[in-house]
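Trainee: Listed here are the chains, written in short residue letters.
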Amino acid sequence: MLRLAALLPVANLEAHREKGAPTFLWACSGAVGRMFQSRQPERSPWGAPCMLSMFSLAALSVLKAQTPLEQEIFSLLHKTKQPVTDPLLTPLEEASLRAMSLEEAQLRRAELQKARALQSYYEAKARREKKIKSKKYHRVLQKGRSRKALKEFEVLKKLDPEAALTKLEEMERPRIEERMSLKHQNKGKWARSRAIMAKYNLEARRAMQEQLAKNKELTQKVRVEPESDEEIDMTGEGLLPDSVNQVQPSMEGANPWMLGKPSSEAKDSGTQEDPKDTRESAAPEDAGNEEEVVSEEEILLQDFEQRRCARQQQAGSPERHSEWARPDVEIRNSQPRESRLGIWSPGQVEPAVQEPEGPLLSEQLGRLQTLEEMDALGQEEGAEEQAQPWPTRALQGPEEEGSFGEERPARKQKKMINLQAVLAEESHVIQCPSLPVSEEKEEDEDQRLMIKEAFAGDDVVADFLQEKHKAEQAGKPEAVDLVLPGWGEWGGTGLRPSARKRKRFLIKPVPELPREDRHLPHVIISQQRNILAAAHQVNELPFPFDHCQQFERSVRAPVGPTWNTQRGFQKLTAPRILTQPGHIIQPISAEEASPRSAVPIRAGGPDLLPTAQQSRHRPRPRKKAR
Amino acid sequence: MRVKVLSRNPDDYVRETKQDLQRVPRNYDPSLHPFEVPREYMRALNATKLERVFAKPFLASLDGHRDGVNCMAKHPQSLSTVLSGACDGEVRIWNLTKRECIRTLQAHEGFVRGICARFCGTSFFTVGDDKTVKHWKIDGPGYGEEEEPMHTILGKTVYTGIDHHWKEAVFATCGHQVDIWDEQRTSPICSLTWGVDSINSVKFNPIETYLLGSCASDRNIVLYDMRQSTPLKKVILDMRTNTLCWNPMEAFIFTSANEDHNLYTFDMRFLESPVMVHMDHVSAVLDVDYSPTGKEFVSASFDKSIRIFPVDKGHSREVYHTKRMQHVITVKWTSDSKYILCGSDEMNIRLWKANASEKLGVLAPREKAAMNYSQKLKEKFHHHPQIKRIARHRHLPKAIYSQAKEQRIMREARRRKELNRRKHSKPGSLPFVPEKKKHIVAVVK
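If you're matching them up, the sequences are chains A and B in order.
Using my numbering, the letters of the first sequence correspond one by one to residues 1 to 626.
Using my numbering, the letters of the second sequence correspond one by one to residues 627 to 1071.
With the rest of the complex left out, here is chain A (with noise of 0.2 Å):
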């Protein structure tokens, strides 16, 4: 038994062990023989031959050392520290098994790598931020440093009191210094020729002075008043450790009550099993503590950091391997290609985000005079849809060039359909009903006969494939012959331009992407789409419109007369201002214009008409004018 567990590849072992004990067990029942015949070891710890492995562990017990050999054996045996009886693992074995899979050395070295590029990030950034040369920039970042470092102080003394007197300590750092250094007491030269100026200049003493209100601010010490402190504690929140009222992040978090320790770590030891869960809860918290926020990296950092703490602490953890999942298994966006609202292609299609009104003219330095000009501008427009590729084979693009790209062709041979087999087989009647299958087949049965009869002469499967291979070959794109007979050498009938020649002026094809149908025998997929239309149709929403399907029931119903009776086309094509050639149109008169006066459109008013209906009784204008 063990020499069998020894035995399987260390990978083989750890996927055992983590769907547990009994898989464990069943690698060892006797369904075992017949895996090793498949499966040679690829290294077994001891160098023995592989034939010893076949030795069951009770065979083992009971043998005694009899022949010479046997002896030989298990001195050997006893040698590389072999147990013999002892059913546990070698020390050699514990080893191996302890090293790390090849998948999980490449997912830590994967890991790894990411945490040092962004470390890199990181320090490129504070480089970067070093080098900004804005002074008030830095004042500003100094400001804030030290009131963080004010802020962390104060949560530090209350939680730990040692902490806090080294901080304490470092934070006087600066204070010191400038104590040291000779800034802000008005000895530099500036300073010294502001003190000159000092007596007349009004300014300047008010400079001097603030030079000197720095130099005592910077100086002063840092007061701490640990008895007021507690005494605020004592009457507050009184006899409670402040880790009781923080919030606990899980329900697996040791009791702050018997830790007796800053919650903070207690969610470490709490929530190690699912980093992010930690982050999540973590940075809430962190905003909550100090108002600057963690920038992004720093997160990740922590959360490499934690990462590797939580694999430390319990390796081969069953959540390991979700939460390690890489990001090209993820589910990819099945997204329906994005439709285009056609003229006559009905489609999805998403409101534009556009504000109501642009410039209603494009206007351009060219002049457009000839139709041809018209058409080489519309064309413009459409030039732009082209360079767009096609969605689907954009959507298809990175997901192939992913790492699963080796082994996607593999999976989907198991799949796949034999095309061999398709095409080479006599094709065979296929027995599918036109109409829906209904439950008695004995009432379709002379229904289908008849279908039957009728199709007798036709074999669909075999058509359908020819077509598709027409489809195929036409798809094809071809070489172009661009050879002149007789330029540059002799012409004639009967020869034939030089082979060299041909070669040279036959222009190869470039090879098409393989096509989507290639394994599909049963579907043509039309790879061609019309480009020409696309260019016609509308790619978004217009404004008014709130749903694609208004707009399409604004364009849908025609107005011509080839479609609608005379009466109606001339409905539907009334302009909404209608003018007389030749007729003043006088300004619209204050009666006119109240909306309570009921008096009729005065004649030779305004031709203004907002419906076709009160066209009938427009008033002809009273006369016309010179």
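If you are wondering where the hints come from, they were derived from the structure by calculation, not from laboratory data.
Quick caveat, the model's predicted, so the values are computed rather than measured.
Any given hint could be a false lead.
[Unchecked claim] Under the rule of at most 20 Å between Cα atoms (straight-line distance), these lysine to aspartate or glutamate pairs were calculated in the EDC-like manner:
#1 B:Lys682 to A:Glu373
#2 B:Lys1014 to A:Glu372
#3 A:Lys571 to B:Glu993
#4 B:Lys1004 to A:Glu540
#5 A:Lys114 to A:Glu103
#6 B:Lys1014 to A:Glu540
#7 B:Lys921 to A:Glu592
#8 A:Lys136 to A:Glu217
#9 A:Lys503 to A:Glu516
#10 B:Lys859 to B:Glu922
#11 B:Lys1006 to A:Asp546
#12 B:Lys1014 to A:Glu363
#13 A:Lys571 to B:Glu662
#14 B:Lys1031 to A:Glu363
#15 A:Lys571 to B:Glu1005
#16 B:Lys949 to A:Glu363
#17 B:Lys1014 to A:Asp375
#18 B:Lys793 to A:Glu592
#19 A:Lys151 to A:Glu169
Could you slot chain B onto chain A? The hints should help.
Mentor: Leaving out everything else, chain B in the frame of chain A:
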């Protein structure tokens, strides 16, 4: 035996005249006429292309003035007559159908600042730099008579503009103050002032005829009621307003042409923010005139172009320019809403079509129907990219184009700067100011 006779109503097939088209019975079954949308789309596309091919708006140039054309007036009764005043004090009356000058008179010394026709169409008024208001007959003097005004009013100050009441024998001039005159008197009925600055133009409201609007050099637009002796209210803008024009179909709407390249359409009742800011010009807008339908207006600009704006749109639907047209000082939309007249610096008056591709002359009913149909189709499919692209295309001279581009860049930079400033300041300390409110300084009542 019974004989079945085929009987039809002759009304269904007999033509009224020989020239009529044969009546064709039609079957409107949609299955017989498939692809209605693609077919109509193609028709719309072709109509759009043809529209652009036939977009030739320039009709005529009326030359004869010996100095820049400073002001124009429409004849209230005759479509074919237009009056113009030049910078050398000359006034000309033109016949548009013949495209010729029918009368010339030396009205003033110096500029003719303003010109307006009386509502009856028999006489007109001019004001000039020589501090006079002159009342002229439209018809020329008889044989042997001297060219003389009917009345001349000598003022104390220079008048910069004049407008006649739409119904009564009252007119208003502007200069140092807005004066309202009775035609029969030599002194104003009343003088309205608000501040001490010079006033550029004054316009009567064509609907509520006792209302006046004026714009002054101190950047404000003042509204008056003729029945009161004091102004109503004023709005102060960022920059000076050159002219204003009332909408002839909506009593309370007027549009002002501003020095800051924009036009502002105001609702008289709510001057706090304009109803619409019309921006496309790249230089000061000098004049504006409404279409008599009240749906559009035309503006003349210092950038040597005129633009047509829909009232409810912030951008122009059309831009007209020619190589020789210089700064356009004055513009008018004719009373039949078909043509546009503009007078410019280089002494010409130009006649344009209001719809660039419109066919002139009498249209046959079928032509009219086809025009309406194509118009409808263009409207129906105007969101489609190709149609939109073709319909929107306009040629611009390089000067205007590059200036527009420059201004676009400047605007963008300003916007970005504001955005950045907002980003780095306390939230709420820099509120968003809409474009409409940006240019209004104050409203005073």
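Trainee: Does the structure keep lysine 114 of chain A and glutamate 103 of chain A at a Cα separation of 20 Å or less?
Mentor: holds, 17 Å
Trainee: Lysine 921 of chain B and glutamate 592 of chain A were given as a pair; does the straight-line alpha-carbon distance stay at or below 20 Å?
Mentor: holds, 17 Å
Trainee: With a cut-off of 20 Å on the C-alpha distance, tell me whether lysine 571 of chain A and glutamate 993 of chain B pass.
Mentor: Satisfied, since the Cα-Cα distance of roughly 16 Å is no more than 20 Å.
Trainee: Is lysine 1014 of chain B within 20 Å of glutamate 372 of chain A, Cα to Cα?
Mentor: holds, 16 Å
Trainee: Are lysine 136 of chain A and glutamate 217 of chain A close enough, with their CA atoms no more than 20 Å apart?
Mentor: holds, 18 Å
Trainee: Is the Cα-Cα distance between lysine 571 of chain A and glutamate 1005 of chain B 20 Å or less?
Mentor: holds, 15 Å
Trainee: Are lysine 859 of chain B and glutamate 922 of chain B close enough, with their CA atoms no more than 20 Å apart?
Mentor: Judged against 20 Å, a Cα distance of about 26 Å means the pair is violated.
Trainee: Given the hint that lysine 1031 of chain B pairs with glutamate 363 of chain A, test it: the Cα-Cα distance must not exceed 20 Å.
Mentor: holds, 10 Å
Trainee: Lysine 793 of chain B and glutamate 592 of chain A: Cα distance at most 20 Å?
Mentor: OK: lysine 793 of chain B and glutamate 592 of chain A at ~16 Å, within 20 Å.
Trainee: Would the pair lysine 1014 of chain B and aspartate 375 of chain A pass a check requiring their Cα atoms to be no farther apart than 20 Å?
Mentor: holds, 12 Å
Trainee: Is the Cα-Cα distance between lysine 571 of chain A and glutamate 662 of chain B 20 Å or less?
Mentor: holds, 18 Å
Trainee: Hinted pair, alpha-carbon criterion (20 Å max): lysine 682 of chain B, glutamate 373 of chain A. Please report holds or violated.
Mentor: holds, 16 Å
The structure does not agree with the numbered hints 9 and 10 stated previously, though it agrees with the rest.
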